[in-house]
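**Q** Listed below are the residues making up each chain.
There are 2 protein chains.
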Amino acid sequence: MNTVALAFDLGGTELRGALVERSGGVIARVSAPTLAGAGSEAVIGQIITLADKLLKQHPQAKVVGIGMCAPGPLDPKAGIVIGPPTLAGWHNVPLIDILSRQFGLPVRLENDANAAALGEWRFGAGRGTGSLVFVTVSTGIGGGVVADGHIYHGRRGLAAEIGHMTITGEGDRCFCGAIGCFEAVASGTALGRRATRLTAPGDGSLLRRLAKDGDISARHVVEAARTGDATACRLVEAEARWLGIGFTNLLHLYSPDLIVMGGGLANGFDLLAPGIRATVEERAMPAYRDVPIVPAELGDRAGLVGAASLILWEGEPGTALAMVQNDETRSGAGGQDEPALAPRA
Amino acid sequence: MNTVALAFDLGGTELRGALVERSGGVIARVSAPTLAGAGSEAVIGQIITLADKLLKQHPQAKVVGIGMCAPGPLDPKAGIVIGPPTLAGWHNVPLIDILSRQFGLPVRLENDANAAALGEWRFGAGRGTGSLVFVTVSTGIGGGVVADGHIYHGRRGLAAEIGHMTITGEGDRCFCGAIGCFEAVASGTALGRRATRLTAPGDGSLLRRLAKDGDISARHVVEAARTGDATACRLVEAEARWLGIGFTNLLHLYSPDLIVMGGGLANGFDLLAPGIRATVEERAMPAYRDVPIVPAELGDRAGLVGAASLILWEGEPGTALAMVQNDETRSGAGGQDEPALAPRA
Numbered sequence: 001m002n003t004v005a006l007a008f009d010l011g012g013t014e015l016r017g018a019l020v021e022r023s024g025g026v027i028a029r030v031s032a033p034t035l036a037g038a039g040s041e042a043v044i045g046q047i048i049t050l051a052d053k054l055l056k057q058h059p060q061a062k063v064v065g066i067g068m069c070a071p072g073p074l075d076p077k078a079g080i081v082i083g084p085p086t087l088a089g090w091h092n093v094p095l096i097d098i099l100s101r102q103f104g105l106p107v108r109l110e111n112d113a114n115a116a117a118l119g120e121w122r123f124g125a126g127r128g129t130g131s132l133v134f135v136t137v138s139t140g141i142g143g144g145v146v147a148d149g150h151i152y153h154g155r156r157g158l159a160a161e162i163g164h165m166t167i168t169g170e171g172d173r174c175f176c177g178a179i180g181c182f183e184a185v186a187s188g189t190a191l192g193r194r195a196t197r198l199t200a201p202g203d204g205s206l207l208r209r210l211a212k213d214g215d216i217s218a219r220h221v222v223e224a225a226r227t228g229d230a231t232a233c234r235l236v237e238a239e240a241r242w243l244g245i246g247f248t249n250l251l252h253l254y255s256p257d258l259i260v261m262g263g264g265l266a267n268g269f270d271l272l273a274p275g276i277r278a279t280v281e282e283r284a285m286p287a288y289r290d291v292p293i294v295p296a297e298l299g300d301r302a303g304l305v306g307a308a309s310l311i312l313w314e315g316e317p318g319t320a321l322a323m324v325q326n327d328e329t330r331s332g333a334g335g336q337d338e339p340a341l342a343p344r345a
Numbered sequence: 346m347n348t349v350a351l352a353f354d355l356g357g358t359e360l361r362g363a364l365v366e367r368s369g370g371v372i373a374r375v376s377a378p379t380l381a382g383a384g385s386e387a388v389i390g391q392i393i394t395l396a397d398k399l400l401k402q403h404p405q406a407k408v409v410g411i412g413m414c415a416p417g418p419l420d421p422k423a424g425i426v427i428g429p430p431t432l433a434g435w436h437n438v439p440l441i442d443i444l445s446r447q448f449g450l451p452v453r454l455e456n457d458a459n460a461a462a463l464g465e466w467r468f469g470a471g472r473g474t475g476s477l478v479f480v481t482v483s484t485g486i487g488g489g490v491v492a493d494g495h496i497y498h499g500r501r502g503l504a505a506e507i508g509h510m511t512i513t514g515e516g517d518r519c520f521c522g523a524i525g526c527f528e529a530v531a532s533g534t535a536l537g538r539r540a541t542r543l544t545a546p547g548d549g550s551l552l553r554r555l556a557k558d559g560d561i562s563a564r565h566v567v568e569a570a571r572t573g574d575a576t577a578c579r580l581v582e583a584e585a586r587w588l589g590i591g592f593t594n595l596l597h598l599y600s601p602d603l604i605v606m607g608g609g610l611a612n613g614f615d616l617l618a619p620g621i622r623a624t625v626e627e628r629a630m631p632a633y634r635d636v637p638i639v640p641a642e643l644g645d646r647a648g649l650v651g652a653a654s655l656i657l658w659e660g661e662p663g664t665a666l667a668m669v670q671n672d673e674t675r676s677g678a679g680g681q682d683e684p685a686l687a688p689r690a
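Residue numbers (the numbering used here), protein chains in the order written: chain A, 1 to 345; chain B, 346 to 690.
Calculated from the structure, these hints are not laboratory results.
Here are some chain B residues pointing at chain A (derived, C-beta under 7 Å):
#: 1; residue: P418
#: 2; residue: A504
#: 3; residue: L598
#: 4; residue: D602
Heads up, incomplete: computed chain A residues facing chain B, CB under 10 Å, no partners named:
#: 5; residue: S131
#: 6; residue: R156
#: 7; residue: I245
#: 8; residue: H252
#: 9; residue: R283
On a predicted model such as this, the values are computed, not experimentally measured, just so you know. Built from N, CA and C at the ideal position, the CB exists for glycine as well.
With the hints as constraints, model all of the structure from the sequences given.
**A** What follows is the structure in structure tokens.
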């Protein structure tokens with residue numbers, strides 16, 4: 001068996017673990033609902049339990065380290081989870097120290113959006129590009145940037161907080177307190193909210209029927225738009241425009257080779273793409289207009305394989321990133337639970 | 346005599362040249378009005394003339410190379426000036442090739458905002474910090490980012506086009522065609538335009554008197570606000586708010602250790618600072634609120650010393666930046682035309 005990394009993606013809802021090969025292949029996966037309200041010790045106990053489960057499934061695995069991602073803010077260099085809003089009782093938890101003592105293995109920590117950006121760059125939609133901005137659009141909007149051969153960290157690892165970039169003076173107040181955050185107008189939550197306001201329980205609209213007369217979610221809007229429902233199509237159009245405005249800013253600010261859109265709303269990427277593209281063509285300066293905007297390829301594996309690659313591919317934090325060579329992604333993918341990632345067309 | 350670099354800062358209005366030491370000290374300066382309408386050959390002729398003038402002034406100078414900055418878009422790695430709006434007839438001019446053949450010296454090219462960012466980082470307001478965003482606010486708004494040990498270039502060197510980041514849905518249309526660009530609402534031009542609209546020729550206002558009843562410039566607004574003029578103070582307050590919104594975005598996106606504000610409007614930095622700070626405190630997420638925002642220190646030397654440092658301090662393009670050590674900035678500054686930069690307090 002090739003060497004593998006233990007990988008964990010700690011979310012506010014779900015804790016996922018995997019054994020990941022150097023090729024990006026996931027050879028085993030486990031998960032559990034995160035004990036998000038129970039404090040850090042309980043969740044670290046869950047990580048240990050899941051690790052045991054994975055290692056029992058693959059007792060011959062040559063595990064060389066643990067790659068871990070968690071919600072920000074966190075300090076990737078110090079290995080400290082600072083205090084994510086979705087995890088109660090986590091304040092400055094030295095996760096790298098704790099896990100490396102527990103397992104006697106090297107541990108690397110990265111915030112979830114950065115890890116997903118790295119995963120998509122090495123093994124997914126961004127393979128072969130020099131740089132990318134990964135944008136996850138779901139309940140909120142998060143991002144990660146791989147550029148000039150580095151994950152763009154900035155001070156305390158806090159760069160690419162793109163959900164709280166102001167792009168307008170209108171709309172609902174963001175949970176952060178400001179008006180006009182990208183997240184407040186363009187997240188899946190914002191889209192669902194707009195749909196809910198445009199309709200009323202019992203009005204017979206497709207949107208409300210899909211939502212069983214409750215609040216409408218972004219998923220319902222995408223589903224209704226797929227059938228050609230006029231209200232849903234208008235909502236998708238407005239959503240695409242907000243995304244296009246935000247993405248244009250990302251082009252001007254980071255000048256990536258590629259923007260990769262992930263998160264729940266990426267399920268509607270095909271519907272959103274024409275509107276996003278039209279807005280970018282209208283608003284971006286000419287030199288930025290030809291940058292591809294593509295959907296993520298790795299789904300919920302992106303964070304896991306990105307985190308694993310910190311162990312399997314990286315030198316010390318801060319050194320330039322190693323890029324996957326094509327022959328390496330093609331090899332070593334036989335006989336796994338999950339197929340290895342196909343080489344790029 | 347220490348080794349020096351020839352440095353040129355090619356602007357749409359003025360072409361500046363200097364001999365710069367490794368310490369950042371400028372030992373000679375020359376300039377000429379740029380023959381901006383006459384095409385690239387004429388301007389390159391001016392560069393050669395200014396170089397001769399500098400070398401005649403300091404015949405013992407050990408010139409080790411030429412550092413050059415010019416308006417974007419330009420490709421710093423290829424050494425090509427792509428086509429700046431302010432320089433007629435410049436289309437894909439291979440400036441590095443031309444100058445290195447002319448002088449038989451290594452030549453490095455950087456866009457003007459990036460060079461100024463580098464200058465301020467090495468020798469000015471950003472000395473000793475790990476990363477900074479440099480924002481120049483004058484006719485337009487430009488920027489440069491030094492982070493994680495690199496000038497942040499992005500694809501084709503086009504990153505940090507911060508003037509065309511959308512921050513609102515209101516205001517005058519930007520010259521780029523979009524509504525709500527940072528530059529369109531927060532540049533010196535935008536401030537002057539607001540002042541001109543608020544007043545009328547012959548209305549006896551201080552602003553119009555300062556402008557001799559013509560259009561009011563940002564400089565007039567700052568001058569009037571210094572005397573306590575109520576209209577000017579309100580205009581400064583609104584300007585500071587727009588700057589604060591844009592700077593908050595820069596904090597969230599790049600997470601620098603420091604924001605440095607340069608350009609003509611930095612002359613009013615002391616008046617603008619309280620409003621900028623209040624807006625950042627109100628809008629930035631808590632982890633970003635304590636990042637200092639300071640005025641640039643090098644004025645119009647920033648681009649020159651930054652460009653020179655590409656020759657005197659750098660390895661190949663793309664390698665990590667060397668940081669100036671304190672003992673180096675303190676030494677070698679005796680007997681020059683211009684005093685060496687004082688060590689930071």
